[in-house]
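*Asks:* Read off the chains here:
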Amino acid sequence: MNNLDISYTRYLDPEGQVTTELPAFAQEQSKLIELYRRMTLARRYDGKLTAMQRSGRIPSYAPELGEEAVRVGYATAMKKEDVLLGTYRDTAAMLVRGVTIDEDLMFWGGDERGNVFAGPSEDFPLTTPIATQTTQAVGVAYAFKLRDEKRVAVTTIGDGGSSKGDFYEAMNFAGAWHVPVVFIIINNQWAISMPRERQSAAKTLAQKGLAVGIPGEQVDGNDVIAVCDVVSRALENARSGGGPTVVEAITYRLTDHSTADDASRYRDPDVVSAHWKNEPLIRLRTYLSESQAWTKDDEENLITTIDQEIEDGIAKYEAQEDLPPEAMFDHMFAELPMDLKDQREAVLAEFSKSEENGYG
Amino acid sequence: MNNLDISYTRYLDPEGQVTTELPAFAQEQSKLIELYRRMTLARRYDGKLTAMQRSGRIPSYAPELGEEAVRVGYATAMKKEDVLLGTYRDTAAMLVRGVTIDEDLMFWGGDERGNVFAGPSEDFPLTTPIATQTTQAVGVAYAFKLRDEKRVAVTTIGDGGSSKGDFYEAMNFAGAWHVPVVFIIINNQWAISMPRERQSAAKTLAQKGLAVGIPGEQVDGNDVIAVCDVVSRALENARSGGGPTVVEAITYRLTDHSTADDASRYRDPDVVSAHWKNEPLIRLRTYLSESQAWTKDDEENLITTIDQEIEDGIAKYEAQEDLPPEAMFDHMFAELPMDLKDQREAVLAEFSKSEENGYG
Amino acid sequence: MAELTMVSAVCQALGRALKDDKDVVLLGEDVGVNGGVFRATEGLQEIYGADRVIDTPLAEAGIGGVTVGMAAAGLKPVAEFQFMGFIYSAFDQIISHVARLRNRTRGRLSCPLVIRAPYGGGIHGPEHHSESTEAIFAHIPGLRVVIPSSPLRAYGLLLAAIRNPDPVMFLEPKRVYRTVKQEVPDDGEALPLDLCFVLREGGDVTLVSWGAAVAETLAAAETLSGMGIEAEVIDVATLTPLDMPTILSSVEKTGRCVIVHEAPYTGGFGAEIAARLAEKGLLHLLSPVLRVTGYDTVIPYAKNEHRYLVSENRIIDAVRRAVAFPEEP
Amino acid sequence: MAELTMVSAVCQALGRALKDDKDVVLLGEDVGVNGGVFRATEGLQEIYGADRVIDTPLAEAGIGGVTVGMAAAGLKPVAEFQFMGFIYSAFDQIISHVARLRNRTRGRLSCPLVIRAPYGGGIHGPEHHSESTEAIFAHIPGLRVVIPSSPLRAYGLLLAAIRNPDPVMFLEPKRVYRTVKQEVPDDGEALPLDLCFVLREGGDVTLVSWGAAVAETLAAAETLSGMGIEAEVIDVATLTPLDMPTILSSVEKTGRCVIVHEAPYTGGFGAEIAARLAEKGLLHLLSPVLRVTGYDTVIPYAKNEHRYLVSENRIIDAVRRAVAFPEEP
Ligand SMILES: Cc1ncc(C[n+]2csc(CCOP(=O)(O)OP(=O)(O)O)c2C)c(N)n1
Ligand SMILES: Cc1ncc(C[n+]2csc(CCOP(=O)(O)OP(=O)(O)O)c2C)c(N)n1
Ligand SMILES: [Mg+2]
Ligand SMILES: [Mg+2]
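Residue numbers (numbering that gives the first Met the number 0), protein chains in the order written: chain V, 0 to 359; chain W, 0 to 359; chain L, 0 to 328; chain Y, 0 to 328.
By construction, these hints were calculated from the structure, which means they are not laboratory data.
Model, not experiment: these values are computed from the prediction.
Treat each hint with caution, since some may be false.
As the list claims (entries may be wrong) - DSSO-like cross-link-like pairs, simulated, lysine-lysine; straight-line CA separation at most 27 angstroms:
#1 L:21 - W:149
#2 L:279 - W:149
#3 Y:302 - V:340
#4 W:315 - Y:252
#5 L:180 - W:340
#6 W:79 - L:21
#7 W:144 - L:21
#8 W:149 - L:18
#9 Y:302 - V:79
#10 Y:252 - V:79
#11 W:47 - Y:302
#12 L:252 - W:340
#13 L:75 - V:315
#14 Y:279 - V:144
#15 Y:302 - W:340
#16 Y:252 - V:340
#17 Y:75 - V:78
#18 L:252 - Y:75
#19 W:144 - V:202
#20 Y:21 - V:149
#21 L:279 - V:340
#22 L:302 - V:47
#23 W:144 - L:18
#24 Y:75 - L:279
#25 L:302 - W:78
#26 Y:75 - V:149
#27 W:79 - L:302
#28 W:30 - W:202
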């Protein structure tokens, strides 16, 4: 079998001990505290969304428990003018990018207006059909290159998604066209019930880039410093004309695939528990505490502030006006074609008849 | 950039000189003569088909001038019970497999009966939609494995086709399922007007296998001994449970992409002429002559025999009864559904009215 | 005998097929240990092994292609696509090969396979989980498109589909996966393909439907009966090849027809049925052929979905317009 | 001014668009140096550069996806799929994203792109080079499906498609790429989308067609005129959104309608038009709505292809049946 050579980056081990000298940005404690804050927001909000689904307040949700470091890390590495094309599990990254909680809640609540985020106004909405975002990212990157803009398209995909032909085609286009795009494979070891080992005979997922001649590397996806560092370098490389990179971030899905899933059907709870010792928040907190940069009080204050932020977001979400019935017509085209007018009228007539005070 | 390690096999160089000790089978001159005969048949028949298209006797054809060694080599390496899933350019391989000239002519003549070859009755017909045959090959190989049959599915694809997601998915399935399939990338340097270098940033196409954890290697596709040898080994490995392999055979398309193409629009005729010195027949003929195993007379006799064989095939093809009009209905389903009966009647009525003696 | 939901009836049919025919294999994402995200293959891997109930990598074009290869090589694969919204990557295989292999090879090779996919809205699923694109498949010569609307028909039609020597698209209306239960004996009896099922007789109007919308159609028929309008209700079941004789003879009797489906209006399969009536049944039509369907919009996310789906009220309105024609009801 | 074939008119429109709007880019397999396998982009790379007339790797799903990304990022990409038979790998992008991005984001992002594909049979191409699957696209809400049938309409409609802020599937009937020439001034004038073109007036029967079959339809109309039957001929041009008012008012006048298309009968877009007549024009119909179409079979390889394609004779037969109805002609 052919030899390969794939690098793996980690700075903080699961016990919060530094294994290699930290990169420059991580020498500033304020930066690390901000990363910690972002991960904590992700964790708390994730728990809230899961709870809201359980109590019927939103129809479905794809949790990211245990995977916060990857998303916070890469989103922090991005510049505002870069463009993100994520999957359905990239909520934490969207928050870092500037999507507000009420906007995000609308999405999960089943309202298209949740995709109208003003913050990162060129970012794509979360994508359901797996891997389709990756070729789109190449198109976005092509536009950047053509217009000579120093911007990068960032796209994510799961370990499962990395089996899809679209992803391969995306990498190949990116390599052939040498455009500024970074592919982040978020390897959380599971694609619903399919474990990583059975998804592909490839020893690493980073080596997928080799098929198309673009560099691939691995990073400890539970080490937010490492993710941020590796992605920053890939971004700078792309921004300065160095072309695309594939980054495989290795993490672990600590919970069900989605609120419709029951992972206990297909994986051993003991193995899952064992993975809790690798989860990303503890290690950064330990490091910060041991560096005297974080106290119990800080932790409590942070959680209080974040929970309030979340509650405020929920309140704002719940105060939104309901979607009008005709909304389903009004954004299909820049201008509603004549042929759809009757249908729109019919819907209006039906629901003005039967609904007195809007959607209930 | 990551390091890779891809082997390249060649036994005979373009001048017909042995560069490495020949493999066992090639020590027998009769075997080499048979390979030479097969390549010569391919060359002569290819010229004939091209001429027939020019004179309007068949509507289109995809020539394989210069690429005979790959197809003759891999098809010779296959066992009868293996199954081939080729592209539109694999005519030479089909002849080796036992498809007759009249059957093949029917295909190119625009008659579905050309796909009813009795020889290799489980082989797939030539495939037009690029790369779709590769995932099918994995399904065939899966059936072999499930039934515990010692057979291998062989599938080919072009350098252009190797960019398609289907091919990647096929390799990934094959790796994950460890099924007996051999992927042969026939890199003839061009996909219509797209040169290999712009198709992908990958330095070799063999390394495409690495993305999915299956071995990849290169072979001189104009050295029929090398192709036969490398593919034989891959086949034996697959047959004995060793799993899939990707073989990149490097050759050169010496003529137009198809009879509808005009390659002078996009490539330099001088470069093409230079490639004539690498073409596969000369080097084997030189080697055989220099080994005193082949004379001018042998050559003349061979060509006479082959040309006769081709003429006989054409005569048989032309003696075929015309396709009846209703043929388009009669193989859509095992049994014609009620709902199609009227349509079939209509066609029969229309063409019994207007055509007195069949298709003209 | 226990009563089964439609999804359990599907599972029972799959188990039966695996048991009866060693060439039958199931494949798809999460169909193995997990038993499918809807549990349509629950417990089957345990009984028939991971070689015959096969978890695939996440790659739909690949699933399409390997299924073709398996079928041509003598197996009888039943592939599950997790949702119809994710089947599109397999279109090339479905259109270019599944539907054509027999014809291309004049029967030398064939594609005795079944492609299963849950389809339709109404479960408050995320985007792309609510598609109804059956009309696309129904336009591809060489495919059979079969849609059950009850546990019994799911069992009988799925067995028929698996035993059929040609490819079948078996589309399962997931909205009714668990809404009704029926006694479904595991007797291995298939139901006939290529025939409509007349679910209710009536002389005033013909209601033609399939899939999940059959439920609202039947409910509307009951309500209409209370209003003195007797509707004949036809479940098309096999869209293609279409059993037009059954529909035609009903419309010859009633003179009026309302077609009900969840898919968008324009180019939905309802158009084909209406068009055939305009061709073959014109002299019998006493009123316009009406279609009660989804709109020509993307099916909305959960919050607005109920306003898109066909409702009993919309069916009743249409029937009353048809019956009153040319007056307004 | 030189007369242009349809394919040259396409090329002229593309050149015009590249010249007028720096955001326009072309991409596809062999569209660059080679100028496209049909020469629809001939010479354009030389003028506008390899950055704007872009050869892609051989990967249709990828072409679909990068086109979406380009469009959302502010370019106006025009993607060529070499033949309609190879577009299926891009379906996921077309159905899941092209048709939906505006709606999903309530207009925050959009897809101002054009997807071009030569389609239809009659050129004795190999298998998979002769597809007519326009009905599939016409069933997808959010897409415009536009089909020119002459050099002038190719030029004007393609410019309109490129300037349209929403995605357009622009399907070019390759059988007539070079059969007629017309003067096509490069005046940058677009033709209106979403409207049918009445190509010939007549009071006895309405012939509705699009694409290559318009040629046989017009020829049939001439022949019929010699038999005393005056046909109105409508080129639908934009299948969706459909301009039903133009068709309806013609049928209100003639009372008879024959629809002609090359695609298979069942579920072809002709069904939609016939269905709408059965709904909105019933009282005006003096005879069954007939469809002259391809059959529900795979379009045959070259040798039998002419027996599949719609012929002038078949159209004439159908019209005579319609006009004679209820008698046999
Ligand atoms: C094309 C496609 N196929 C199937 C699905 C259904 N599905 C949703 S998530 C999922 C597993 C994805 O696993 P992975 O890519 O590892 O991402 P993760 O969910 O672990 O983040 C599947 C099969 C889908 N959304 N899209
Ligand atoms: C899916 C698909 N896309 C496009 C085509 C049109 N086409 C036919 S051959 C060809 C180039 C193929 O190049 P390569 O794979 O290198 O094979 P070669 O023709 O050189 O043998 C193209 C684009 C096709 N047949 N199938
Ligand atoms: Mg995963
Ligand atoms: Mg090639």
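*Asks:* If a hint holds in the structure, say so; if it doesn't, say that too.
*Replies:* Against the structure, the hints:
1. At roughly 19 angstroms between alpha-carbon atoms, residue 21 (chain L) and residue 149 (chain W) fall within 27 angstroms of each other, so this suggested pair holds.
2. Between residue 279 (chain L) and residue 149 (chain W) the CA atoms are separated by roughly 56 angstroms; this puts the pair beyond 27 angstroms, and the hint is violated.
3. A hinted pair counts as satisfied when its Cα atoms are at most 27 angstroms apart, and residue 302 (chain Y) with residue 340 (chain V) does not qualify at roughly 46 angstroms.
4. Our distance criterion of 27 angstroms between C-alpha atoms is broken by residue 315 (chain W) and residue 252 (chain Y), whose separation comes to about 58 angstroms.
5. With a C-alpha separation of about 38 angstroms, the suggested pairing of residue 180 (chain L) with residue 340 (chain W) is violated against the 27 angstroms cut-off.
6. The suggested pairing of residue 79 (chain W) with residue 21 (chain L) holds, with an alpha-carbon distance near 26 angstroms, which does not exceed 27 angstroms.
7. This hinted pair checks out: residue 144 (chain W) and residue 21 (chain L) have alpha carbons roughly 14 angstroms apart, not beyond 27 angstroms.
8. Distance hint between residue 149 (chain W) and residue 18 (chain L) is fulfilled; the C-alpha atoms sit about 25 angstroms from each other, no more than 27 angstroms.
9. Between residue 302 (chain Y) and residue 79 (chain V) the alpha-carbon distance is near 60 angstroms, which puts this suggested pair outside the 27 angstroms criterion.
10. Restraint check for residue 252 (chain Y) and residue 79 (chain V): not satisfied, since their Cα atoms lie roughly 61 angstroms apart, outside the 27 angstroms limit.
11. Between the alpha carbons of residue 47 (chain W) and residue 302 (chain Y) the distance comes to roughly 20 angstroms, so the proposed pair stays at or under 27 angstroms and holds.
12. Restraint check for residue 252 (chain L) and residue 340 (chain W): satisfied, since their Cα atoms lie roughly 25 angstroms apart, inside the 27 angstroms limit.
13. Restraint check for residue 75 (chain L) and residue 315 (chain V): not satisfied, since their Cα atoms lie roughly 54 angstroms apart, outside the 27 angstroms limit.
14. Restraint check for residue 279 (chain Y) and residue 144 (chain V): not satisfied, since their Cα atoms lie roughly 52 angstroms apart, outside the 27 angstroms limit.
15. For a cut-off of 27 angstroms, the pair hint linking residue 302 (chain Y) to residue 340 (chain W) stands: about 22 angstroms separates their Cα positions.
16. With a C-alpha separation of about 25 angstroms, the suggested pairing of residue 252 (chain Y) with residue 340 (chain V) holds against the 27 angstroms cut-off.
17. Between residue 75 (chain Y) and residue 78 (chain V), the direct Cα distance comes to roughly 25 angstroms. Compliance with the 27 angstroms bound is thereby established for this hinted pair.
18. Proximity of residue 252 (chain L) to residue 75 (chain Y) is assessed by CA-CA distance (about 55 angstroms); at most 27 angstroms being required, the pair is judged violated.
19. Under the criterion of a C-alpha separation no larger than 27 angstroms, the hint pairing residue 144 (chain W) with residue 202 (chain V) is consistent with the structure, at around 23 angstroms.
20. A hinted pair counts as satisfied when its Cα atoms are at most 27 angstroms apart, and residue 21 (chain Y) with residue 149 (chain V) qualifies at roughly 19 angstroms.
21. This hinted pair does not check out: residue 279 (chain L) and residue 340 (chain V) have alpha carbons roughly 30 angstroms apart, beyond 27 angstroms.
22. With a CA separation close to 20 angstroms, the supplied pair residue 302 (chain L) and residue 47 (chain V) stays within the 27 angstroms bound.
23. Simply put, residue 144 (chain W) and residue 18 (chain L) have alpha-carbon atoms about 20 angstroms apart, close enough for the 27 angstroms limit, and the pair holds.
24. Taking the CA atoms of residue 75 (chain Y) and residue 279 (chain L), the gap is about 46 angstroms. The hint is violated against a cut of 27 angstroms.
25. With a C-alpha separation of about 60 angstroms, the suggested pair residue 302 (chain L) and residue 78 (chain W) falls outside the 27 angstroms cut-off, and the hint is violated.
26. At roughly 20 angstroms between alpha-carbon atoms, residue 75 (chain Y) and residue 149 (chain V) fall within 27 angstroms of each other, so this suggested pair holds.
27. Pair hint residue 79 (chain W) plus residue 302 (chain L) does not hold up; C-alpha atoms about 60 angstroms apart against a cutoff of 27 angstroms.
28. For a cut-off of 27 angstroms, the pair hint linking residue 30 (chain W) to residue 202 (chain W) is broken: about 34 angstroms separates their Cα positions.
Of the numbered hints given earlier, the model fails hints 2, 3, 4, 5, 9, 10, 13, 14, 18, 21, 24, 25, 27 and 28; all others are met.
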